[in-house]
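Colleague: Chains as they are written, first to last, in the working numbering: chain A, 29 to 320; chain B, 29 to 320; chain C, 29 to 320; chain D, 29 to 320; chain E, 29 to 320; chain F, 29 to 320.
Some clues are possibly wrong.
[Stated by the list, open to error] Per label pair, the in silico range of CB-to-CB distance:
no. : chain 1 : residue 1 : chain 2 : residue 2 : range
1   : E       : Leu258    : F       : Pro113    : 24 to 34 Å
2   : F       : Val78     : B       : Asp238    : 52 to 62 Å
3   : F       : Pro97     : D       : Gly114    : 29 to 39 Å
4   : A       : Glu247    : E       : Ala39     : 47 to 57 Å
5   : D       : Gly159    : C       : Thr67     : 41 to 51 Å
6   : F       : Pro113    : B       : Gln209    : 34 to 44 Å
7   : F       : Thr112    : E       : Asp200    : 24 to 34 Å
Simulated from the structure, these hints should not be mistaken for laboratory data. Just so it is clear, CB atoms sit at the ideal spot from N, CA and C, and this is done for glycine as well.
Number of protein chains: 6
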Amino acid sequence: MTDDLQGLTLAGVTDIVDRALAEDAPWGDATSEAAIPATATATARIVSRVDGTFAGGIPLELAFTRVDPTLVVERHLADGDPMTPGTVVATITGSARAILRGERVALNLSQRLSGIATLTRQHVDAVAGTGVRLVDTRKTTPGLRMLEKAAVRAGGGHNHRYSLSDAVMLKDNHLAVLRAQGLDLTEAIRTVRARIPHTMHLEVEVDGLDQLPAVIAAEPDTIMLDNFTLDDLRAGVALIAGRAVVEASGGVRLDTVRAIAETGVDVISVGALTHSAPALDLGLDIVIDGAL
Amino acid sequence: MTDDLQGLTLAGVTDIVDRALAEDAPWGDATSEAAIPATATATARIVSRVDGTFAGGIPLELAFTRVDPTLVVERHLADGDPMTPGTVVATITGSARAILRGERVALNLSQRLSGIATLTRQHVDAVAGTGVRLVDTRKTTPGLRMLEKAAVRAGGGHNHRYSLSDAVMLKDNHLAVLRAQGLDLTEAIRTVRARIPHTMHLEVEVDGLDQLPAVIAAEPDTIMLDNFTLDDLRAGVALIAGRAVVEASGGVRLDTVRAIAETGVDVISVGALTHSAPALDLGLDIVIDGAL
Amino acid sequence: MTDDLQGLTLAGVTDIVDRALAEDAPWGDATSEAAIPATATATARIVSRVDGTFAGGIPLELAFTRVDPTLVVERHLADGDPMTPGTVVATITGSARAILRGERVALNLSQRLSGIATLTRQHVDAVAGTGVRLVDTRKTTPGLRMLEKAAVRAGGGHNHRYSLSDAVMLKDNHLAVLRAQGLDLTEAIRTVRARIPHTMHLEVEVDGLDQLPAVIAAEPDTIMLDNFTLDDLRAGVALIAGRAVVEASGGVRLDTVRAIAETGVDVISVGALTHSAPALDLGLDIVIDGAL
Amino acid sequence: MTDDLQGLTLAGVTDIVDRALAEDAPWGDATSEAAIPATATATARIVSRVDGTFAGGIPLELAFTRVDPTLVVERHLADGDPMTPGTVVATITGSARAILRGERVALNLSQRLSGIATLTRQHVDAVAGTGVRLVDTRKTTPGLRMLEKAAVRAGGGHNHRYSLSDAVMLKDNHLAVLRAQGLDLTEAIRTVRARIPHTMHLEVEVDGLDQLPAVIAAEPDTIMLDNFTLDDLRAGVALIAGRAVVEASGGVRLDTVRAIAETGVDVISVGALTHSAPALDLGLDIVIDGAL
Amino acid sequence: MTDDLQGLTLAGVTDIVDRALAEDAPWGDATSEAAIPATATATARIVSRVDGTFAGGIPLELAFTRVDPTLVVERHLADGDPMTPGTVVATITGSARAILRGERVALNLSQRLSGIATLTRQHVDAVAGTGVRLVDTRKTTPGLRMLEKAAVRAGGGHNHRYSLSDAVMLKDNHLAVLRAQGLDLTEAIRTVRARIPHTMHLEVEVDGLDQLPAVIAAEPDTIMLDNFTLDDLRAGVALIAGRAVVEASGGVRLDTVRAIAETGVDVISVGALTHSAPALDLGLDIVIDGAL
Amino acid sequence: MTDDLQGLTLAGVTDIVDRALAEDAPWGDATSEAAIPATATATARIVSRVDGTFAGGIPLELAFTRVDPTLVVERHLADGDPMTPGTVVATITGSARAILRGERVALNLSQRLSGIATLTRQHVDAVAGTGVRLVDTRKTTPGLRMLEKAAVRAGGGHNHRYSLSDAVMLKDNHLAVLRAQGLDLTEAIRTVRARIPHTMHLEVEVDGLDQLPAVIAAEPDTIMLDNFTLDDLRAGVALIAGRAVVEASGGVRLDTVRAIAETGVDVISVGALTHSAPALDLGLDIVIDGAL
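Isolated chain A (complex conformation) (with noise of 0.2 Å):
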């Protein structure tokens, strides 16, 4: 096991790049069968066009390595490292129709992933030394949660809730329903904690100031002060007072991350980590071997 594979399972992943795999050449690969030789050998680098932070490393061998098993992929980066242009990523080594099969599948999600590192990259650099951590949310691409959440911690991120089944986090909605039922707000939130899990992690969502009194009451793991001006993230803060995690969360850019954490938030979540990324320019460049 390498630190790449953390957080992810092999079969996960494989199932992934086998489902893209197939749905980039569902019988076959019409060109190549018409102009190369099976019998083929072909040398391939993975190279970065720009500056940025690599991710999707077991995702781009296995794109070669799921067409032909007898592909030689050396990787040259472990995710989380730097790339600027020309630094080479992989050298693919083999049949040159399989690698030309696998080459699609391993830059899409290469590209994509290291997009993501980048971005994440960007907003950790910006907090740097405030002792915030940066955190991802559930706005990630379906089917690529779990390649995307491993890209923003090689990004120098952490993550979140991974699904609504592993933490609780109780929003306007839910607590509504609960006080509807003759609930005071910290009694909502403590029923619930007792209907959950011990190994459950408790957090609310608050819209305003004036909820935090009840809501620290009730001594949930995590606050989320959600849209807040920097004011009020910082009164906010002063009122928790350790008492419970803070999150700050809703509309955060690149250019207003640092202000946020300097109001003494222990988190921030930014969803355009996973939702908005675009894709990093990652070529491949290949040498088919004149001797056929």
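Mind docking chains B, C, D, E and F on chain A? Use the hints.
Modeller: Relative to the frame of chain A, chains B, C, D, E and F by itself:
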């Protein structure tokens, strides 16, 4: 069947949605199950927060009905319809728990697909009146190609080939291998034509004007002029003179696409439509039935 | 959605049932097809032969409706309801062949799950009034965890973490590795806390009272006292003094669980609830329509 | 192929193990990834804590090698071998993280299967010398039938039919339907024989001695005497007189099985072998490489 | 359930049809989507062009309803019914696009299965009055065994064993291995009987008359006389004298099957029924609603 | 990659083989497990019994190696190679049980595919020298299209479109719908061209000479002349005069194909190549290691 099913299969989209739902709630929604009675019902609206073009209607519906077949989804927009802030895309009624479980998957898919449709529509509008086709590439999100190509069509674009299996695209590498076997460029292309099904489209990528005469002589169906200057594009169009579809490719941006279109090419392919479209901001507003 | 769907996904349970049906009748029911006309109808009742607590309502229903969607299953008990000999759990009407094909899968699942609920209920009743939580472990039947954890809840128990992915449980081996790197016990635990998501619960397993001060200093969310004597449990509870949830574990039996509960621990985890519960005796009584 | 693969398919067992691994670590092992370096190696031993009969060798191996194909599993026992406290079943070496990820699935499967083999062995030993076959039923854990039937064989038992598809078992309900069509009991059985493949075994369940003459006249392959007293079993054996295999069924317990066997029946079927065998206590002892 | 579901599972047939539909239209029907409005409706008829026996009713229906659950399929023939040129098998109404998408899969399956039923019926008719059973073999199309065995039954034939798992067929190779261990032929067969479940049918393949006495002495359930002359078949039947089912096999043709049947054998197995039946000519006539 | 993988994906063929193996031995090979020691080894040869053209090399290999990865398959023929009685196709060595388990699947697939290759070769030879392409249709066995189209190529034929998704084939029904909207035939075809991707081939089916001028005017890529007489084919070829590929279709037989080819058409499509090719007789001769 509705027009929104064009280029899709119900089974294929259902599979994508089912995997996304399993990813987002592998063993239930801990929060809603602790806070909201099983019998509570709600009304939810998917609402646009911005201007744009809607796409993703079928997966949006399935994200709810695959959680709970008794949910009722009334859709107010078809794929391709314009949205402004406040436009209601769809109304969902039924079990509150089920709506909350489907919410994130519905939004993750429709935001991404509407983002693609919106970016496509901007490009299409930019070339309005030129008669040029704006087309996508194979640079799609692994696992979502079927949906993303439909989103391009929803934005007024057209599709390029779907995969490596259904059309031939000869690039430098392929042609180099054939020439290493003693064939000249024209012969190389004709050799490929002789090997592929008669129902398969043959496109050749060209990097410079000097290659054009030999390529034209081989009578490909489409000639792609890759990373040509505007002048070279005009020269290429003149040389080809209607004997093949002319496709421009490489580094197309929203601010350059019209100039490219005005060179007289038939088709412009743009990878960014699918690999770098930011998510479009859609939200879900919910009212849970107060009388619990 | 009914409360019986808590912690389940309809897709997940359907998948379990479909596999069980395929396993039990890969190419039809040779006996019924040879003996019973395709048009014959029947009424069947699932009846308890013993005292106990029912669980498995959703899979029981699906075992019939996945064979034949026209079967009508009327359920008379919800998960968690008590049964005595003769209690009718459900009534199924429709195709006689289809009922007989679903019978064994329905019983195999509901007998096993009711066995778990019943054993859990016995433990829960044994600690009544102490305020202790009875919880399960990861010692579940491979492939059935989702259902078995729901059965524990049906019996009045609570769940521990679902999997290796959703909460941290530090054991001797983990801590030994960290200490081999020069960290003391408190630092080791804090190092782990710094690496995991802020939404992830951190539990530490302790084998002796001497380790407790250093563990408490690291502020884990839960401390598990593993195989402690009753005296040591009491001492541990006093030392921890509410600064973490206290979980007792190891060799818990129905005749010892109350004494353990009375030591003041918060949670008692019992592997036997899922790994060794005997099946509860449910039967299916059928009347095939006489007028064929 | 080893004898442990009898009645199994490698693909089938691999599928069971893969699902169990995905269930137990859907997105990684948060604890080990936070505490143990990716490069750490370990040696682990699966050790019996009690007396019993081992089963589950193939799935135990796969639980480790499917996590990480570079793990080396050396097995010291074959299915069916006896164990005493301290017997080492297998030794696993390789990545510490990978071993810890496979541990729970390996134990959950082998404990359950060894429990079945052990209970079967006790029943088989109890009838030693009588020449009776101890057989299982279809009361197996949904999804694990293939493995549980192999565990029964490992314990010295034999298998009954695998599913509804591969042998015919006529019960009261089936025969009642046929008689409602005007056939007498002998004709009813013969009618079924005429409809089924000539390669299919025909067993008839009988509830009382009075039905036996008509059943014997129809020449079934096996006659099951269901819930007969010992005297009636003896009388049944005498009546059948070798013209069919005689199977005793219903309420068989370890303390009654020998008396039943001594009535002269050929086969005794015991549902408890698979539906109520407690898990056998196996543990995993691990030494993680100190020099990290 | 209808009789057409004998020996099938709805889930199994649905899976076959879903795969066929995905194979035939992985990302939509380009032609119909370009030419026919989404709202157009049609009426289609599946019509026989020739004489024959129909089979494949269930998969034919599913080929349409799995594309679009709102299509209405009215079936006019049951499996096994005779057809003449012009016989209407089924009428389908609904979305024109959906009907055209299902057409090829519906025809490919029902033509193949009707071809098998028709060829079987010809063989069955050829042995009419002899009391012989015409049976199939394991020489079926990979992936379609369930359907092809049902088609044999629709043609009036019976099935042989379904797979390697559900009945024993001892051939020369198996017996040679046992004899190499010092067992004579009779002992070898008895040894196998002792090892297999009591519910499993035991068939022995014999290549010459000289082996028969030893085989008969071992009391197998069926004896297969492989590639015997007519005289030898008669002699074999006389020797066996009712002590086992007698099956003739090898090189059976439509013009020789009656002579073989008249030798007195009980069963004749014919591989060609499934491995070489030509497709039967069925067509789909469609009227698309004119008022678009 | 070998040339035998053209038009295939390793994952796709593996999936077909795995399903076939599961179908043929869902829970083991009862016969071999009872008769042959687990340690016995053998050498087996796949041998042709007749003249023909081999196809199915990749699935034949996988049928053995997917049962047991330690089996060694040495292949002596490539797809497309000729066979005479006695030609050895492949030699397999390793576990005797594993070879016997793979045998039937290996033969069922390679016999069917060699049957298709052989029938195709006969048609191709019949038109030798005419320059005509012999092509297949979508009338393939559901689930096996990928393999059957490869077998057609192995026999010297070419492929038509793969599915409804990758090329357009306008038939009467489609054109009728378009004309009902007020378009003339030429406009109708051009309308379709404007809606489909520029990389998609457009073929139009024509039932009579009178339609040809309007069709030619629309410039389709291929014109199919369906069920034309030889005279009409000649007239059609003359009319089209090289402006489109000319395909003849309908009722082509081995004794008529040459005359059709000599009319000057470019392509002849023959459904019987895949829907009605009889299986080619291949056998497996095995020698199980005597020294057990």
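Colleague: Run the structure past the numbered hints and jot down the numbers of the failing ones, going up.
Modeller: none
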